Amino acid sequence: MTLEPTGQLIPTPTGHDLILTRSYRATADDVWASVTEPERTARWFGPWRGHAAADRTIEVQMVFEESAPWCPLRIEACEPPRRLAVSMEDEAGSWSMELLLAESDGTTELQLIQHLASTEQLGQTGPGWEYYLDMLTAARTSRPQPDFEDYYPAQKAYFESLTRA
1 MTLEPTGQLI PTPTGHDLIL TRSYRATADD VWASVTEPER TARWFGPWRG
51 HAAADRTIEV QMVFEESAPW CPLRIEACEP PRRLAVSMED EAGSWSMELL
101 LAESDGTTEL QLIQHLASTE QLGQTGPGWE YYLDMLTAAR TSRPQPDFED
151 YYPAQKAYFE SLTRA
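According to our numbering, the sequence shown holds residues 1 to 165 in order.
Since the hints were made in silico from the structure, they are not lab data.
Nothing here was measured: the structure is a model prediction, and the numbers come from that model.
Warning: the hint list may mix true and false statements.
Listed next, with one range per pair, are the computed distances between beta-carbon atoms [stated by the list, open to error]: (1) Ser142 to Asp55: 34 to 40 Å; (2) Ala165 to Val63: 18 to 24 Å; (3) Glu79 to Pro144: 28 to 34 Å.
Quick reminder that beta carbons are idealized off the backbone N, C-alpha and C, glycines included.
Kindly produce the complete structure, drawing on both the sequences and the hints.
In C-alpha cells:
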C-alpha cells in the first residue's frame, strides 16, 4: 500500500506546528464523539479513564504502541464540538496538541495540530500521526486497520524534508 503523507509544517513564534487534516462526511458532533468518547477512541487510539474536563488529567491507554502503556493526558481546553487541546509527557518527551473541527455542508474537517518546540523527531512523529488519523478513518468507516509499516519508515523522508522547506 502506498500512502501519501498530508502533514504540513508551519513556523510559529515558539517553534513549529505540524498540521494534519482529514475530512469526514459527518456532523462535527459525530466526529467529536469519535475523538472524545472512550469506547470510540478505543477503536483507533486507545481507551481512556478518569473525569474528562478542562484543567483535568485523565489516563489514556495507547493500545497500538509497544506494551500498550497508560499515560497521563492533561486536558488544557475542551470546547465541544470544535476544539480539544491536550498535553502529555512520556519517554519520548513532551507533547502539546490540538484537535480542531469545522463543519460545513455536511462535511467536518478535523485538524490535528502538534505544537513543536523542536523538529528533531519529525521523521518519526509525522508518520505516527498519519497512521493514527488513518486508524480513525478506518474506525469511522468500518474498514480494515492500516499497517504501521506502511507509514514508517516509508514517510520518514517526507517529514524530514519539511524541516528543509
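Quick rundown of the hints versus the structure:
1. Ser142 to Asp55: 34 to 40 Å: Holds, since serine 142 and aspartate 55 (Cβ atoms, about 35 Å apart) stay within the stated range.
2. Ala165 to Val63: 18 to 24 Å: Because 34 Å falls outside the window, the suggested range is violated.
3. Glu79 to Pro144: 28 to 34 Å: Cβ of glutamate 79 to Cβ of proline 144: about 33 Å, so the range 28 to 34 Å holds.
In summary, the structure is inconsistent with hint 2 from the numbered list given earlier, while agreeing with all the others.
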